[in-house]
Structure formats: structure tokens, C-alpha cells
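**Student:** Sequential numbering from 5 applies to the sequence shown in this note's numbering.
None of these hints come from the bench; they were simulated from the model. Any given hint could turn out to be false.
Unchecked claim - Within a straight-line C-alpha distance of at most 25 Å, the following computed BS3-like cross-link-like pairs (lysine-lysine) qualify:
no., residue 1, residue 2
1, Lys148, Lys48
2, Lys118, Lys148
3, Lys141, Lys201
4, Lys55, Lys141
5, Lys55, Lys81
6, Lys118, Lys48
7, Lys48, Lys81
8, Lys118, Lys55
9, Lys141, Lys48
10, Lys118, Lys141
11, Lys148, Lys55
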Amino acid sequence: RIQVFHQVNQGPSAARNFALNLVQGDYITFIDSDDFVDDTYLEKLLRTLLKNDADIASTSFTSYNEERQSFLFFATKDNYFEAVYSPEEWLNHENTGQYNLFLIVTFMTLKLYKRHLFTDIEYPVGRTREDDAIGYKLCLRANKIAFINEGCYYYSQHADSLSKTVMLKDIDGMIANAEERIALLAAMGLDVTIHIKSYVERLEKCLNDAI
5 RIQVFHQVNQ
15 GPSAARNFAL
25 NLVQGDYITF
35 IDSDDFVDDT
45 YLEKLLRTLL
55 KNDADIASTS
65 FTSYNEERQS
75 FLFFATKDNY
85 FEAVYSPEEW
95 LNHENTGQYN
105 LFLIVTFMTL
115 KLYKRHLFTD
125 IEYPVGRTRE
135 DDAIGYKLCL
145 RANKIAFINE
155 GCYYYSQHAD
165 SLSKTVMLKD
175 IDGMIANAEE
185 RIALLAAMGL
195 DVTIHIKSYV
205 ERLEKCLNDA
215 I
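Using the sequences plus the hints, can you model the full thing?
**Tutor:** Pasting the structure below:
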């Protein structure tokens with residue numbers, strides 16, 4: 005059984021944690037309240053997960069601009085591919101612009117998770133970028149992450165979206181998540197070179213925005 009969570013923008017983390025504690029399904033997926041998916045979205049993710057005996061299956065996304073009522077296709081038949089990554093390999097794509105992997109890695113959506121990965125992991129209460137705070141922890145628990153570069157998840161963009169309003173001002177949350185991730189990866193003995201580079205770039209962006 006697959007438990008589908010429809011995430012409400014700016015929803016309290018405490019409510020999400022309560023909902024996760026009620027999960028009865030074997031798998032969990034997240035769909036933002038203003039996004040939508042293909043009819044075969046879950047079927048493709050589940051097939052990819054089982055085919056590769058992975059704990060997480062991920063796909064790409066298609067961006068939909070509500071103001072212009074138009075689709076921006078990031079994944080096409082010409083660049084379709086399948087790949088399987090170790091947790092470290094997957095997280096190292098945080099700085100990979102090709103195929104929008106730097107976004108795909110950090111989104112809680114686009115993925116199908118085995119339920120056991122969420123044991124003792126909760127959303128941080130009071131933090132806006134709560135997905136960014138737990139997504140990497142779930143990946144580190146996975147045996148491997150299976151990926152298909154197919155845009156069967158539709159990410160809706162509009163002027164009032166969280167990414168264009170609240171998140172632009174949430175510098176503290178962005179930096180705190182990056183620092184926690186680097187600390188945990190370093191404590192595990194993993195190479196954090198790429199993640200430090202990303203962290204510095206975040207700081208530089210914050211500085212430029214402030215100026």
C-alpha cells in the first residue's frame with residue numbers, strides 16, 4: 005500500500021509529524037497541494053523501486069507556469085535515462101545543474117519512499133525549509149536511490165508560491181540546514197567537499213541579495 009501525502013504550503017511541521025505517525029502503507033510519497041501528477045506516476049515509481057531493489061525511487065519534473073498557462077518540459081524522450089545511485093553519490097548531485105538534479109535531490113516530492121526510512125525522523129517544528137532538513141537523512145538511510153529522468157510530476161509555479169515568497173526571506177533556515185547536513189556527513193566520514201562548495205555559494209547568494 006502507498007500512502008500519499010498532499011502537502012499544504014506553509015503547513016505546520018507538527019501536523020506533518022502527526023500524520024506520519026498514522027501511516028499504514030508500505031510506501032510514502034508527497035505531492036504538494038498545488039502540483040499534479042500523471043496517472044502512471046505512482047506505477048512508474050513503484051516499478052522503478054522494485055526493479056532495482058531500492059529504498060527510494062525518484063523521477064524528474066515538468067514545470068508548469070500558471071500565469072502563462074504553459075508547460076516547461078525539463079525531461080524529454082531524447083534525454084530519458086535510468087540510473088541507480090548510492091546515498092553519497094545521490095547527495096553529491098546537489099551541485100549538478102544538468103537535468104535539474106540539484107533541485108530533484110532536495111525535493112521531498114518526486115519520490116517514493118519505503119516507510120521504514122521515516123522511523124524516528126521528524127520534521128523540525130518552526131522551520132520553513134523543513135523538507136530540506138530531513139530529505140538528506142532519508143537518503144542516507146537508503147540502500148540505494150533509483151532514478152528515472154521522466155517529467156511525470158508537474159511542479160506548479162505562480163507568484164504566490166512558497167519558493168517565491170517565504171523561502172526567499174528564510175536565510176536562517178537555508179543556512180542552518182546546510183550546516184547540519186555538512187556536520188552529519190563529516191561525522192559519518194564522508195567527503196563533504198561538494199557540500200562545502202554549495203554552502204559557500206549559498207552564503208554568497210545571500211550576501212548578493214542583501215546588497
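**Student:** Now tell me if each hint is right for this structure.
**Tutor:** Hints versus structure:
no.	hint	in the structure
1	Lys148 / Lys48	holds (17 Å)
2	Lys118 / Lys148	holds (11 Å)
3	Lys141 / Lys201	holds (20 Å)
4	Lys55 / Lys141	holds (23 Å)
5	Lys55 / Lys81	holds (21 Å)
6	Lys118 / Lys48	holds (15 Å)
7	Lys48 / Lys81	holds (15 Å)
8	Lys118 / Lys55	holds (14 Å)
9	Lys141 / Lys48	holds (24 Å)
10	Lys118 / Lys141	holds (13 Å)
11	Lys148 / Lys55	holds (12 Å)
Hint compliance for this structure: no hint is broken.
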